[in-house]
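Chemist: Produce the complete structure using the sequences and hints provided.
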Amino acid sequence: MTDRDAVFEALRPRLFGVAYRVLGSAPDAEDVVQDAWLRWHRAAGEARDPEAFLVVTVTRLALNLAQSARARREQYVGEWFPTPVDTAADPALGAERSEALELAVVHVLQRLSPEARAAYVLREAFDHPYHRIAEILQRQEPTVRKLVSRARTQVAGERRTTTSRERVRELLEAFLAAARSGDVAGLEAVLVADVVSETDGGGARRAARRPVVGDNAVARFVAGFSTRFLDGMSTRIVEANGLPAGVLEVDGAPVALLCPTASDDGLTRLMWVMNAEKLTGFS
Numbered sequence: 000m001t002d003r004d005a006v007f008e009a010l011r012p013r014l015f016g017v018a019y020r021v022l023g024s025a026p027d028a029e030d031v032v033q034d035a036w037l038r039w040h041r042a043a044g045e046a047r048d049p050e051a052f053l054v055v056t057v058t059r060l061a062l063n064l065a066q067s068a069r070a071r072r073e074q075y076v077g078e079w080f081p082t083p084v085d086t087a088a089d090p091a092l093g094a095e096r097s098e099a100l101e102l103a104v105v106h107v108l109q110r111l112s113p114e115a116r117a118a119y120v121l122r123e124a125f126d127h128p129y130h131r132i133a134e135i136l137q138r139q140e141p142t143v144r145k146l147v148s149r150a151r152t153q154v155a156g157e158r159r160t161t162t163s164r165e166r167v168r169e170l171l172e173a174f175l176a177a178a179r180s181g182d183v184a185g186l187e188a189v190l191v192a193d194v195v196s197e198t199d200g201g202g203a204r205r206a207a208r209r210p211v212v213g214d215n216a217v218a219r220f221v222a223g224f225s226t227r228f229l230d231g232m233s234t235r236i237v238e239a240n241g242l243p244a245g246v247l248e249v250d251g252a253p254v255a256l257l258c259p260t261a262s263d264d265g266l267t268r269l270m271w272v273m274n275a276e277k278l279t280g281f282s
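Taken in order, the sequence shown gives residues 0 to 282; the numbers are from numbering that gives the first Met the number 0.
No lab work stands behind these hints: they were computed from the structure. Keep in mind that a hint or two might mislead.
The calculated DMTMM-like cross-link candidates involving lysine to aspartate or glutamate, where the alpha carbons are at most 25 Å apart (straight line), are [said to hold, decoys possible]: (1) Lys145 / Glu114; (2) Lys145 / Glu165; (3) Lys145 / Glu157.
Ranges between beta-carbon positions, derived for each pair [claimed, not checked]: (4) Gly251 / Arg131: 44 to 52 Å; (5) Gln139 / Gln74: 13 to 21 Å; (6) Arg179 / Asp30: 37 to 45 Å; (7) Ser233 / Glu140: 34 to 42 Å; (8) Arg138 / Asp30: 21 to 29 Å.
Each residue gets a CB set at the ideal place from its N, CA and C atoms; glycine is no exception.
Modeler: Written as structure tokens, this is what we have:
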């Protein structure tokens, strides 16, 4: 490994983190990072500040790709979620301000403009100063401050993880146990009153196409399919986007990933990822 390769590899988690949060797609983020690597090598001795050069490069590449990604998502069947990432396998990815990595937060960010996403990510996840973000985005600093403020308000209004990772795991384990036995009361006991269950199936036949809202409705929905869907499946707890998640497997192959958010009172949102292309990182 050359010195340039070593510098790049040291920065890779940060570069992937920027691209992933902006794009919501791990494969797209990997493509951006690879393109940045090629540009890094072509730059030779021109880049006096490697981190600055690479963050600028990755951010601008991600912004360009975000335009075509939006068009693809408009044709997506059913609800679309970001690709979950296994942060246990790559702890460095979530080391800086991990709340900006939560799947639900990355999902919210995708509803913002690409520039607002980039501004929020650079500020909230990586603590870049506003003047530096303005240079990267080629915008005036007051404009960047407004972008970050609006994004921060939207994320805060929709983020529903307000408890510890340990509490999330405890609630998730209780939920999976109740689901396996079809225990409606047991399910309701770990759900808040206005819980929402949503599924990204990418057109999968068994995936729910509409959100289910409310503790009783979600409990009955889960109990209704669980005795059939979970039959012959095993479950295990993993870490997805910095929070505990549940993988549902058949013969060691994942068929669903449940990414919950939670408050002290119970599970607030259930994000079911059933699109097989988004589960490869949890095999």
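Chemist: Now tell me, hint by hint, if it's right for this structure.
Modeler: Consistency of the hints with the structure:
1. Lys145 / Glu114: Holds, at roughly 11 Å.
2. Lys145 / Glu165: violated (35 Å)
3. Lys145 / Glu157: Holds, at roughly 19 Å.
4. Gly251 / Arg131: 44 to 52 Å: Holds: the Cβ-Cβ distance is about 45 Å, inside 44 to 52 Å.
5. Gln139 / Gln74: 13 to 21 Å: violated (35 Å)
6. Arg179 / Asp30: 37 to 45 Å: holds (38 Å)
7. Ser233 / Glu140: 34 to 42 Å: violated (52 Å)
8. Arg138 / Asp30: 21 to 29 Å: holds (25 Å)
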